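Starting from the known structure of chain Z, arrange chain V on it as the hints suggest.
Given next are the chains, with one letter for each unit.
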Amino acid sequence: MSTPSYTQMSMELSLPSELGYEVIARDAVAAFARRLGISADRIEDLKTALSEACINAIEHGNSLRPGLRVQVFCRVEEQQLVIEVVDQGVSAFTPKGEPLTIVDKIAGVGSLRGMGLMLISQLCDEAGFVPRGSGNCFRFAFHRTLAPGLKH
Amino acid sequence: MMLEDELTVSTRERDGVAIIDLFGDVTTFAEEKINSAYREVTNKGARFVLLNFRQNDYINSAGIAILIGIVTEVNRNNQKLAVSGLSQHFQKIFRMVGLAQYAEIYQDEEEALAGFKRLAAA
Numbered sequence: 104m105s106t107p108s109y110t111q112m113s114m115e116l117s118l119p120s121e122l123g124y125e126v127i128a129r130d131a132v133a134a135f136a137r138r139l140g141i142s143a144d145r146i147e148d149l150k151t152a153l154s155e156a157c158i159n160a161i162e163h164g165n166s167l168r169p170g171l172r173v174q175v176f177c178r179v180e181e182q183q184l185v186i187e188v189v190d191q192g193v194s195a196f197t198p199k200g201e202p203l204t205i206v207d208k209i210a211g212v213g214s215l216r217g218m219g220l221m222l223i224s225q226l227c228d229e230a231g232f233v234p235r236g237s238g239n240c241f242r243f244a245f246h247r248t249l250a251p252g253l254k255h
Numbered sequence: 314m315m316l317e318d319e320l321t322v323s324t325r326e327r328d329g330v331a332i333i334d335l336f337g338d339v340t341t342f343a344e345e346k347i348n349s350a351y352r353e354v355t356n357k358g359a360r361f362v363l364l365n366f367r368q369n370d371y372i373n374s375a376g377i378a379i380l381i382g383i384v385t386e387v388n389r390n391n392q393k394l395a396v397s398g399l400s401q402h403f404q405k406i407f408r409m410v411g412l413a414q415y416a417e418i419y420q421d422e423e424e425a426l427a428g429f430k431r432l433a434a435a
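Sequence lines, in order, name chains Z and V.
For any residue, its number in my numbering is found by taking its place in the first sequence, counting from 1, and adding 103.
For any residue, its number in my numbering is found by taking its place in the second sequence, counting from 1, and adding 313.
This is chain Z alone, in the form it adopts within the complex (with noise of 0.2 Å):
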């Protein structure tokens, strides 16, 4: 068998849109960035981060309707892990300026939620909505290194 290529790497999950669900696919993708040579606490970086981004589409841009589904899609590039989160779109994502701080939470200046966005960004290389045809795609990506052995 011939060594195997990151580059022709990829995965693809469905997942229902039902809370919960993002548990699974943070463990499917970790197991996957795993054998990528991406490093443990990295791989704890990316749990969080496809987890939020999950939540996102769940919760907004599939509007918690049951039924629908979250698209979950890891491409493997040469220096990259890319992800993209993709809902069906029922809510488009609008951005809303700066996230509330949490002295302004505690203040009680709006909601106690909305930190999903500013965790994935700070946890991610790269991070950010992305135009897609139908539905809201969110796209991060880390970084990785080759494990020996293994050829780009």
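Some clues are possibly wrong.
Said to hold, decoys possible - Straight-line distance between alpha carbons at most 20 Å, and here's what the computed SDA-like set of lysine to any residue pairs gives:
id : chain 1 : residue 1 : chain 2 : residue 2
1  : Z       : Lys199    : V       : Val410
2  : V       : Lys393    : Z       : Ala210
3  : V       : Lys405    : Z       : Ile146
4  : V       : Lys405    : Z       : Val206
5  : V       : Lys405    : Z       : Ile205
6  : V       : Lys357    : V       : Val384
7  : V       : Lys405    : Z       : Thr204
8  : V       : Lys405    : Z       : Gln225
It should be emphasised that the hints constitute simulated quantities derived from the structure, not laboratory data.
Predicted model, so just to flag it, every value in this text is computed and none were measured.
For chain V alone, coordinates are given in the frame of chain Z:
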């Protein structure tokens, strides 16, 4: 179908500190359990409150929002709050969201109790 490790919350008192043990996932489904435990220790007159995390593999932003709500109540009730037992990853997350400004983060329960003792003596 329940896909998460359901959170178990219990309370106890040690060396004048009200300890709330949190075992399992801290998500949106944990709100009533955590708030109820906090109300219980507050009604008993707790001045020092420790959120003692144990084997919490999953704390998401909804769970963090619940904890920010606890911080708000702690400030209102003039209590002191600390957390212990978090993994290195979740210690980092707590610092990122700013919770570390409002609650001391300790490695474990013993270290937290020693911290509260110093605080009480100050």
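Cross-check of the supplied hints:
no. : hint                : result
1   : Z:Lys199 / V:Val410 : 18 Å, holds
2   : V:Lys393 / Z:Ala210 : 17 Å, holds
3   : V:Lys405 / Z:Ile146 : 14 Å, holds
4   : V:Lys405 / Z:Val206 : 18 Å, holds
5   : V:Lys405 / Z:Ile205 : 15 Å, holds
6   : V:Lys357 / V:Val384 : 18 Å, holds
7   : V:Lys405 / Z:Thr204 : 17 Å, holds
8   : V:Lys405 / Z:Gln225 : 11 Å, holds
Comparing the model with each numbered hint stated earlier shows that all of them hold.
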